[in-house]
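> The primary structure of each chain is shown beneath.
Number of protein chains: 4
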Amino acid sequence: MIPRYTRKEAADVWAPQTRFKIMFEIEAHAADKMAELGVIPREAARVIWEKGRNAVWNPDRIDEIEREVKHDVIAFLTHVTEVVGPEARFLHQGMTSSDVNDTTLAVQLVRATDLLLEDVDLVLAALKRRALEHRMTPCVGRSHGIHAEPTTFGLKLAGHYAEFQRAKERLAMAKFEIATCAISGAVGTFANVAPEVEAYVADKLGLAVEPVSTQVIPRDRHAAYFAALAVVASSIERLAVEIRHLQRTEVLEAEEPFDPGQKGSSAMPHKRNPILTENLTGLARLVRSAVTPAMENVALWHERDISHSSVERGICPDATVHLDFALRRLAGVVERLVVYPENMAKNLDRLGGLVHSQRVLLALTQKGLSREASYAAVQRNAMKVWRGEGDFLGFLKADPEVTLSDAELEPLFDLGYHFKHVDTVFARVFGEQGSLTAAA
Amino acid sequence: MIPRYTRKEAADVWAPQTRFKIMFEIEAHAADKMAELGVIPREAARVIWEKGRNAVWNPDRIDEIEREVKHDVIAFLTHVTEVVGPEARFLHQGMTSSDVNDTTLAVQLVRATDLLLEDVDLVLAALKRRALEHRMTPCVGRSHGIHAEPTTFGLKLAGHYAEFQRAKERLAMAKFEIATCAISGAVGTFANVAPEVEAYVADKLGLAVEPVSTQVIPRDRHAAYFAALAVVASSIERLAVEIRHLQRTEVLEAEEPFDPGQKGSSAMPHKRNPILTENLTGLARLVRSAVTPAMENVALWHERDISHSSVERGICPDATVHLDFALRRLAGVVERLVVYPENMAKNLDRLGGLVHSQRVLLALTQKGLSREASYAAVQRNAMKVWRGEGDFLGFLKADPEVTLSDAELEPLFDLGYHFKHVDTVFARVFGEQGSLTAAA
Amino acid sequence: MIPRYTRKEAADVWAPQTRFKIMFEIEAHAADKMAELGVIPREAARVIWEKGRNAVWNPDRIDEIEREVKHDVIAFLTHVTEVVGPEARFLHQGMTSSDVNDTTLAVQLVRATDLLLEDVDLVLAALKRRALEHRMTPCVGRSHGIHAEPTTFGLKLAGHYAEFQRAKERLAMAKFEIATCAISGAVGTFANVAPEVEAYVADKLGLAVEPVSTQVIPRDRHAAYFAALAVVASSIERLAVEIRHLQRTEVLEAEEPFDPGQKGSSAMPHKRNPILTENLTGLARLVRSAVTPAMENVALWHERDISHSSVERGICPDATVHLDFALRRLAGVVERLVVYPENMAKNLDRLGGLVHSQRVLLALTQKGLSREASYAAVQRNAMKVWRGEGDFLGFLKADPEVTLSDAELEPLFDLGYHFKHVDTVFARVFGEQGSLTAAA
Amino acid sequence: MIPRYTRKEAADVWAPQTRFKIMFEIEAHAADKMAELGVIPREAARVIWEKGRNAVWNPDRIDEIEREVKHDVIAFLTHVTEVVGPEARFLHQGMTSSDVNDTTLAVQLVRATDLLLEDVDLVLAALKRRALEHRMTPCVGRSHGIHAEPTTFGLKLAGHYAEFQRAKERLAMAKFEIATCAISGAVGTFANVAPEVEAYVADKLGLAVEPVSTQVIPRDRHAAYFAALAVVASSIERLAVEIRHLQRTEVLEAEEPFDPGQKGSSAMPHKRNPILTENLTGLARLVRSAVTPAMENVALWHERDISHSSVERGICPDATVHLDFALRRLAGVVERLVVYPENMAKNLDRLGGLVHSQRVLLALTQKGLSREASYAAVQRNAMKVWRGEGDFLGFLKADPEVTLSDAELEPLFDLGYHFKHVDTVFARVFGEQGSLTAAA
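Which chain is which? The protein sequence lines are A, B, C and D, in order. Numbering-wise (the UniProt record's numbering), the first sequence opens with residue 1 and increments by one. Numbering-wise (the UniProt record's numbering), the second sequence opens with residue 1 and increments by one. Numbering-wise (the UniProt record's numbering), the third sequence opens with residue 1 and increments by one. Numbering-wise (the UniProt record's numbering), the fourth sequence opens with residue 1 and increments by one.
There could be a bad hint or two in this list.
To be verified - Here are the computed lysine-lysine pairs in the BS3-like style, where the Cα-Cα straight-line distance is at most 30 Å:
1. D/K175 / D/K8
2. B/K8 / C/K204
3. A/K175 / B/K70
4. A/K367 / B/K51
5. D/K8 / C/K70
6. B/K70 / A/K70
7. A/K397 / B/K70
Because the hints were derived from the structure by calculation, they are not lab data.
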């Protein structure tokens, strides 16, 4: 976790205190069920909750014990005994460390994902508001970085909105993947712990029961989880790169919010740089870097080895915390993005009407010219405009092979023509609201 | 596509013939709808289907044209004109290359995924059959490569079965992700092609309509697709690594099928090597290697650039074809895996009863010894066995601090104790059938 | 290998014929030395060379045999016996398949790398020629996509030249890494083959002796090799992205070569798209994708397993062939890049003199104003220009807090001031020739 | 940086204090040279050093300023002014933030790499000592996890030693890659800072001058750096996996050190798990995960963007600190590895002499039998042994097609035969010392 890219709410999920609290609750819930099943005394379970429910666990003390016993869960349980008293010896009966660790991790990942889902909602809300605001703001669409045909700025944002809707579904699915509880004992046979304990704890924690755990929860789940986060990060990158492009000096169709007092460059006081979206581009790379190690974690040996553990101590907090930060930052950038419709209009005119070349092409072929001849005629005149020799409409009118009258040619240069299906797309993306209440 | 890891059925999906046939159908279906909408003559659409439906497109000729025009779809359309005649000029009206290319790719990926889904079914069937067969075959469960506690070989396989059920769901979800059709014209505005055309073609091809395409189908879908394949590959690796471990000389609990006539080593005629599962381990790495470039493809510039294209020419055939091959190979290995229950039994005995250490620990604590003292007593005696000094039960009986009588100790070494919940797990994984009809 | 991104020379390195020829030569050289050591008859070695030297090996026949014996090297040797006769039984004495396969791979990788080194020389030559040509062509330098300060187009290219010099060194080092020969027999003990045989074959093939092989050449070498290729691919991407930016409609400072007859877009005849550099961007992603599986190949089990083999059948040809293609394509793009100095000049003027803001800042501080006050004064006036309210120099002259006279302010806007160290940098990069003979 | 995998010495390299101290020194050295060149007053440079040399910079205060100005280097310089006084306004003349940041990063990476080089020396020393100790300790060599032929444990370790020698060279090369200083001002033209300043600071810091910086040091260097670290991590993984295999219950040829008081499992007191090498396996995955983002950082836009920065805030400390920890841990494991020669001997005998099958094969072919017939004869008898039907030598003596007398067969089962070239390999790897002084 890089402090400057970490929100407190996200960091808290991974704080030792949070972890020990969840661990205690898993053990204590399990004790309740074991007491009910007659495996341990009911009184022990009661005392454990009483003394442990609001206990503040001491990470330093646990570390100290771990240095001696070299085992993290045994260290935790020893500390619980120090706090709770002798009843704690009834905890963890028939369970293994992984039962506690893996289920704790599931709870933490669920909480982290809940934050991410909230974050995506912020991004979606910002995108929707700005998309509706700029639903009919004309700008040029670009393929290959080259002016292609007119579109609207709202349409651009609607596309990103649809992508973040998918991001939301992917996160929901990712949460579903990792929200399982395993309390199955050594090598997962339930030899010393009843399946009813697992079912009870799962229910208390809002998790599903892991159908087959082999002491550990299978790591294909976590691989799928981090892959989902990485796709979301890539979607962030796409929008960040779009904004970076739009802020380029020569384009300047939109700009990141720039605060009074902010300094763009230590050496060049005139600079206003898209540093937030550049930062998001980098954070996307960081979040994606969790995917490969998460996949390498899947093939644990036999019923389990512990090679995944060090990886997860890194990627679980890092990827979730940085993605949380990135989504929040992105929502803020979209929300406060400074949009310059006048520059969009200026850029749209830059190519002297060439953005209408396809309509001319289609009109020519519909007039009966072959596709190849039409293409050649349009391209020939376009290249003259490209070379700065004049205006596209003028050249077309003057070209004898262009079999369209001036009256036929002129309407082909109408901008509105391109926007007749904006409503269709908005209805697809935003539903009725998107379709009908642009002004709202 | 590496020929030796390629099945013909999978390669056919990516053959130029297949691709051109799909491209033609997209264009011809679009023409039907355009004719209905009055954009092009009905007769043209009829002739196009008549002459093109069963045409054999000539990839060499298309390549030849492309070398001149340096544009793949224009080359294709030019060739269609050569075959279909002048009516072909009505094709592609208002469409862009990406409308055809991206929708074609969607059809190919759907077909490739359908093969993968069939393959996973083969893996599942093999795993289920062998899991039921070995439901109660005892073997040692290992954590960290070290003997832990008894389990059954059927339980091992049931775990992999559950993982491949998830693999199947992931593939189904991945197919859903990429099964969309986009025919939205330049920069995705439908300026020159009606949304009805897209809806019609999508329906004909069994695809969903892409809600917002920006000339291209957004690549977050493909990133999610390849991520899903990579997780499946990782699950293959886990099972492959398990089998490789089991075939180790010192373990030899199972062995890959070994054909008469096969040579294990050019130099050492005694060798029988797990080369199929080692191969699967490598193929898993290959399939996973598609993930990073697929994610780097997401952030295309503005409405599209074409950097994704070269990547996809590689990873789309390679990842799907190799995964298809790997799943088939895996199904075969599982189906014909040679299992040695007698060696499993021998290995289970190897540690002189140490695999029962936990039960002794639990019994001691239930007798009232503190957890720490119990642990120390068990570990002390276990280490003597570990050093080869004798038998675990004997040492325990002789240890004055072990507060269990011989009559209490002996039943703790019963193997059957560990298998009492095998049925529970089988019922979770295989449902009624798994639970009740092991012998069937 | 994607055919359209494959040069014949590069593909030939990986052709079965090439491979079998190298395999034969390794076996035959080894036979020579074994004959000299008295292990096999001298006559056998002579006959083997005589009959095999110019033999055309039949890959189909070898495949056929492999399908039976399921072992590639045994299949090859069996075919050699068919061609060479009974003397072939003296081949491969005490050797293992890996001795032949790994050493063959080393020869192939060396040859592939020699092509890459030639390719980089082409890139370097093109970059140098264009750098010298545009040594003093002014253009704006951009940080964050925002105009910063003036530079020259030659300086830009000089930076890429220096990077490709490093690329060349990395490739040379990568070649050194993998240019080793191992003929050490089963598990690498030389039990049945003398180290002298290895030394002799290594010498004949121009390879170093692998100090310790464990039947296989250790795969850290190959991991380092593919990592080096991936860094080179990333350098290609950087230059490709630069050109894509320069070709943007709004920038248009340079353009990829565009052939007569070429079609930029099937729908929009006016388009001229940077498709070559977009393609290079994609190819860079593909080449990089070899790194992770190559690294996962390092940890083979014990003295070897064969999981690396399937990976290498993919990445060895793919990464080298595609990188070869990409470097050649890049050299061509640089060589024929269309540069527009007049557009560079126009863009440089676009910000109304803001690119000189740093000089004003420095002059103010040298006049005694504090750094903070100077920065505030410059930024305040710059923001007015940014908002299009007027000209930078004019605002500065009018600002009472700007403690510089008009006579002091005006020379601060001299473009030449920024180019006084171009020669210094060129001398560093191109040496004397770069420094002194720009016009030559 | 995961605290439990972080050594203090390694963390210190990345501490804010360290960073600010280096930043100050770069600025102050630059001031010295500027004073010499007459750009700033000599007295200012003197005072700056006097007041700043031993200053303790206040990271909290700098953070506070950064929150206002949103620029890290300006925040630092503002704080320097607070500490040093008004002379600080002469600092940073004509420089950019990247001049300071990138050069600071270079110094930090150099220091981190110096630690890694020391660490590798520890690994090498441990490997060498243990290799010499076990130079002639027989054990079985395994290919594909299957017993192949005899080797010695020393030979295994010698192979890893050779690999870590390469690791050391790769780290040295990686250090060379990133040990450059850039002080070239905005967009790298030296317009406002003389190249002599860069040369002077580089010399003071022990760095090379970056030939062409474009405001930033080109990131291909850092990509190559992290790739090198990743290859080293993969070599760690290979040795870790070897040890994990050797510690398997069925193999138990070696064991990680296990301290009195350590607990292997919370549930199973008998366990002694190879958790250190499993941990190393995971750390290797973590370190490798830096490679892809580092490569994605190369293609910065134009003269620079800042997307690399967030990535590097993560991967620079994480990869170096975790690799440092992993190398130290590995050195400790090797140093204290518990080796069981008696178990090695036992395992070597396990296959009833099959490990000698190649010698029999060779002897048969040298007796004149064809390669194919020899192979069939040996394999036929080996498979009987494999099936547990008896002893290899016995079967061979009884087989009439085996044309070797008992007197010829028996010496083929001599173990020493396989070790005759151990000295050769040790001489290659360890030089004279390795060759001659095993006992020393």
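> Taking 30 Å as the top limit, are the C-alpha atoms of A/K367 and B/K51 close enough?
holds, 24 Å
> Would you mind confirming whether the straight-line C-alpha gap from A/K175 to B/K70 stays at or under 30 Å?
Judged against 30 Å, a Cα distance of about 46 Å means the pair is violated.
> B/K8 and C/K204 were given as a pair; does the straight-line alpha-carbon distance stay at or below 30 Å?
Violated, because 41 Å separates the two Cα atoms, which is more than 30 Å.
> D/K175 and D/K8: Cα distance at most 30 Å?
Cα-Cα ~21 Å, so holds.
> Decide if the proposed pair is consistent with the structure: A/K397 and B/K70, CA atoms, cutoff 30 Å inclusive.
Satisfied, since the Cα-Cα distance of roughly 29 Å is no more than 30 Å.
> Going straight from one Cα to the other, do D/K8 and C/K70 come out at no more than 30 Å?
violated, 54 Å
> Take the C-alpha atoms of B/K70 and A/K70, compute the straight-line distance between them, and say whether it is at most 30 Å.
violated, 65 Å
Hints 2, 3, 5 and 6 from the list above are not met by this structure, while the remaining hints are.
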